[in-house]
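Fit chain U to the given chain A structure using the hints.
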Amino acid sequence: MAQHHLATPLAKDDIKKLRIGDLVYITGTIYAARDAAHKRMDECLDKNMPLPADLTGQIIYYVGPSPAKPGQAIGSAGPTTSGRMDAYTPRLLRLGLAGMIGKGNRSRQVMDAIRENTCVYLAATGGAGALIAQCIKKYTVLAWPELGTEAFAAMEVENFPVTVVADCWGGDLYEEGQKAYRSI
Amino acid sequence: MREISAETITNTIARLAIEACCILPATTYAAMAAARAAEPSPAGRDALDQLMQNAVIARSSMSPICQDTGLAVVFAEIGQDVHIVGGNFEDAVNRGIAKGYTEGYLRKSSVAEPLFERKNTGDNTPAVLHVRMVPGDHIRLKLAPKGAGSENKGALYMLVPADGIEGVKNAVLETVRHAGASPCPPMVVGVGIGGNMEKACLCAKIACARGIDTHNQDKRYADLEDELLALVNRLGTGPQGLGGKNTAFKVNIEFCPTHIASLPVAVNINCNAARHAEAVI
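Here the protein sequences come in this chain order: A and U. Position one of the first sequence corresponds to residue 0 (numbering that gives the first Met the number 0), numbered consecutively onward. Position one of the second sequence corresponds to residue 0 (numbering that gives the first Met the number 0), numbered consecutively onward.
It should be emphasised that the hints constitute simulated quantities derived from the structure, not laboratory data. Where a beta carbon is used, it is the ideal one built from N, C-alpha and C, also for glycine. Fair warning: there could be bad hints in the mix.
[Said to hold, decoys possible] Output of the computed footprint for chain A on chain U, the stretches with three or more beta carbons under 8 Å from beta carbons of chain A:
(1) 38-44
(2) 59-73
(3) 94-108
(4) 172-186
(5) 229-238
(6) 241-254
(7) 262-272
[As the list claims (entries may be wrong)] Result set (BS3-like, lysine-lysine): computed pairs, CA atoms no more than 30 Å apart in a straight line:
(8) U:LYS152 x U:LYS218
(9) A:LYS136 x U:LYS107
(10) A:LYS68 x U:LYS118
(11) A:LYS137 x U:LYS198
(12) A:LYS137 x A:LYS68
(13) U:LYS107 x U:LYS152
(14) A:LYS137 x A:LYS38
(15) U:LYS107 x U:LYS118
(16) U:LYS218 x U:LYS198
(17) U:LYS98 x A:LYS136
(18) U:LYS152 x U:LYS198
(19) A:LYS178 x U:LYS244
(20) A:LYS38 x U:LYS118
(21) U:LYS168 x A:LYS178
(22) U:LYS107 x U:LYS198
(23) U:LYS218 x U:LYS244
(24) U:LYS244 x U:LYS168
(25) U:LYS107 x A:LYS137
(26) A:LYS46 x A:LYS136
(27) U:LYS168 x U:LYS141
(28) U:LYS218 x U:LYS141
(29) A:LYS16 x U:LYS168
(30) U:LYS107 x U:LYS141
(31) A:LYS137 x A:LYS15
(32) U:LYS218 x U:LYS168
(33) A:LYS68 x A:LYS38
(34) U:LYS107 x A:LYS68
(35) U:LYS141 x A:LYS68
(36) A:LYS46 x U:LYS118
(37) A:LYS11 x A:LYS38
(38) U:LYS152 x A:LYS38
(39) A:LYS15 x A:LYS136
(40) U:LYS168 x U:LYS98
Next up, chain A with everything else stripped away, as it sits in the complex:
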């Protein structure tokens, strides 16, 4: 189980080094988007309109933070369930998105797109929102503020700890990791 420190945007060579089970500490800008922002991005692409940010080599974090208290950059900000974004993800990966941070299984289509486009799927610890918030230094809404917690936003992160759960070589930690301990 290797450890990596990566800065965004990610290069394809960075992604090729990653294997399921590896720990990755991410530093730089990542983008927050979940259900409603994905629907809006999909609509933008349908209409040939630009996305709120250039996602080439970038990472989307599936998160809907709780409100920041005075003096905080952000409230609690752990990952949400990734599977709800499956319908939108292959299109974004084909357009150059390098990876996603979330939790839980992805569809066959997403897993195929991760492999075919040399991307990576990373898991943050679900339920550790207060701990993860300490890695997020800045949170800036870039589009659709009316979506509230679901707005599209840029986040400046430092050493955000995540685990590789799907690598570009077809590895799936949810499948492999669980198989080792299954006795039923």
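Same frame as chain A, now just chain U:
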């Protein structure tokens, strides 16, 4: 007849919302520590370490344990000798939710209508409110915020009597296996057995919000809770679904009378935090 003001109810609900979302029950922290000591999977141990660190940070800063502070599920037992003054009960509860979720910097995750606009209500109201009339002159309020990561993975099985205990076991195992990492395991599994469709679901929800240091008072069901927990922990899901032997902290069962032709089984899954707080006024 004892008078209780609507304002007291509002303030109590607001306090419980903040407490439930920011303070991990001590029993849950103890279960995390025990799981950490016994978990053979390195990734699983790392996840449990993070969850315990998270609980300490959340408590000391009164920040939400998890950003998904859920729909506010409220169980209220109202003594029939209580007279509520200064407003009606349901409004008092919802004002408390709005107050707690606003003043506590908790996330507002409620949309007013599910299909067309899905517009956020802005204050996390309305509560999902379950009221029982009971003897006495007190009100017992239990608030169990419930996030969607776990709630979306619940299931209802309308079994028939011939399916029996094996049918119940299969229903629980299939639901937990299918849930995978989404409910943020190690989870708490609430199982409602009997009743009809909605009663089984309500029993499962009550089971989910029951303490993880409790057992069903009927020994046969208490034994089944332990047997199901052992089976669930053989699925291999592990902490955060990364593989391991701690998939659930506890399986809680609630049962109730049912029809001669029915065996409803509802499985409601709670996340590792299994948040809840209660008060008597």
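Hints versus structure:
Check result for the segment 38-44 of chain U against chain A: holds, 4 residues qualifying (beta carbon to beta carbon below 8 Å, three or more required). Against chain A, the segment 59-73 of chain U contributes 8 residues with a C-beta closer than 8 Å to a partner C-beta. That satisfies the three-residue criterion, and the hint holds. Using a Cβ-Cβ cut-off of 8 Å, 5 residues of the segment 94-108 of chain U lie near chain A, which meets the minimum of three, so the contact claim holds. A count of 5 residues in the segment 172-186 of chain U with a Cβ less than 8 Å from any Cβ of chain A is obtained; the coverage claim is therefore met, three being the minimum.
Under the rule that three or more residues need a Cβ within less than 8 Å of chain A, the assignment of the segment 229-238 of chain U holds, with 6 such residues. A count of 4 residues in the segment 241-254 of chain U with a Cβ less than 8 Å from any Cβ of chain A is obtained; the coverage claim is therefore met, three being the minimum. Counting residues of the segment 262-272 of chain U whose CB lies closer than 8 Å to any CB of chain A gives 3, so the stated coverage by that chain holds, three being the minimum. Proposed proximity of U:LYS152 and U:LYS218 is supported: the alpha carbons are some 28 Å apart, at most 30 Å.
Taking the CA atoms of A:LYS136 and U:LYS107, the gap is about 22 Å. The hint holds against a cut of 30 Å. With a CA separation close to 24 Å, the supplied pair A:LYS68 and U:LYS118 stays within the 30 Å bound. For the suggested pair A:LYS137 and U:LYS198, the alpha carbons sit about 46 Å apart, so the restraint of at most 30 Å is broken. Restraint check for A:LYS137 and A:LYS68: satisfied, since their Cα atoms lie roughly 13 Å apart, inside the 30 Å limit.
At roughly 21 Å between alpha-carbon atoms, U:LYS107 and U:LYS152 fall within 30 Å of each other, so this suggested pair holds. With a C-alpha separation of about 24 Å, the suggested pairing of A:LYS137 with A:LYS38 holds against the 30 Å cut-off. With a C-alpha separation of about 11 Å, the suggested pair U:LYS107 and U:LYS118 falls inside the 30 Å cut-off, and the hint holds. Restraint check for U:LYS218 and U:LYS198: the C-alpha separation of about 22 Å stays at or below 30 Å, so the hint holds.
Straight-line distance between C-alpha atoms of U:LYS98 and A:LYS136 comes to about 28 Å, which keeps the hinted pair within the 30 Å bound. Our distance criterion of 30 Å between C-alpha atoms is met by U:LYS152 and U:LYS198, whose separation comes to about 18 Å. Distance check on the hinted pair: A:LYS178 and U:LYS244 sit about 11 Å apart at the alpha-carbon level, within 30 Å; holds. The hinted pair formed by A:LYS38 and U:LYS118 meets the criterion: a straight-line CA distance of about 15 Å does not exceed 30 Å.
For the hint pairing U:LYS168 with A:LYS178, the CA-to-CA distance comes to about 21 Å; that is within 30 Å, so the pair holds. With a CA separation close to 28 Å, the supplied pair U:LYS107 and U:LYS198 stays within the 30 Å bound. As the CA atoms of U:LYS218 and U:LYS244 are separated by approximately 25 Å, the hinted pair is consistent with the 30 Å bound. A distance of roughly 18 Å separates the Cα atoms of U:LYS244 and U:LYS168; the hinted pair therefore holds under the 30 Å criterion.
Distance hint between U:LYS107 and A:LYS137 is fulfilled; the C-alpha atoms sit about 21 Å from each other, no more than 30 Å. For the suggested pair A:LYS46 and A:LYS136, the alpha carbons sit about 34 Å apart, so the restraint of at most 30 Å is broken. Only pairs whose Cα atoms come within 30 Å are accepted, and U:LYS168 paired with U:LYS141 is accepted, the gap being roughly 29 Å. Distance restraint check for U:LYS218 and U:LYS141: the Cα-Cα separation of roughly 25 Å lies within the 30 Å cut-off, and the hinted pair is therefore satisfied.
At roughly 42 Å between alpha-carbon atoms, A:LYS16 and U:LYS168 are farther apart than 30 Å, so this suggested pair is violated. Proposed proximity of U:LYS107 and U:LYS141 is supported: the alpha carbons are some 19 Å apart, at most 30 Å. Distance check on the hinted pair: A:LYS137 and A:LYS15 sit about 29 Å apart at the alpha-carbon level, within 30 Å; holds. With a C-alpha separation of about 17 Å, the suggested pair U:LYS218 and U:LYS168 falls inside the 30 Å cut-off, and the hint holds.
Between A:LYS68 and A:LYS38 the CA atoms are separated by roughly 29 Å; this keeps the pair inside 30 Å, and the hint holds. Using a Cα cut-off of 30 Å, the hinted pair U:LYS107 and A:LYS68 holds, with the two alpha carbons roughly 14 Å apart. Between the alpha carbons of U:LYS141 and A:LYS68 the distance comes to roughly 26 Å, so the proposed pair stays at or under 30 Å and holds. Taking the CA atoms of A:LYS46 and U:LYS118, the gap is about 24 Å. The hint holds against a cut of 30 Å.
Under the criterion of a C-alpha separation no larger than 30 Å, the hint pairing A:LYS11 with A:LYS38 is consistent with the structure, at around 27 Å. Between U:LYS152 and A:LYS38 the alpha-carbon distance is near 22 Å, which keeps this suggested pair within the 30 Å criterion. Note on A:LYS15 and A:LYS136: the hinted pairing holds, with a Cα-Cα distance of about 28 Å set against a maximum of 30 Å. The hinted pair formed by U:LYS168 and U:LYS98 fails the criterion: a straight-line CA distance of about 41 Å is larger than 30 Å.
Hint check: violations occur at hints 11, 26, 29 and 40; the rest are consistent with the structure.
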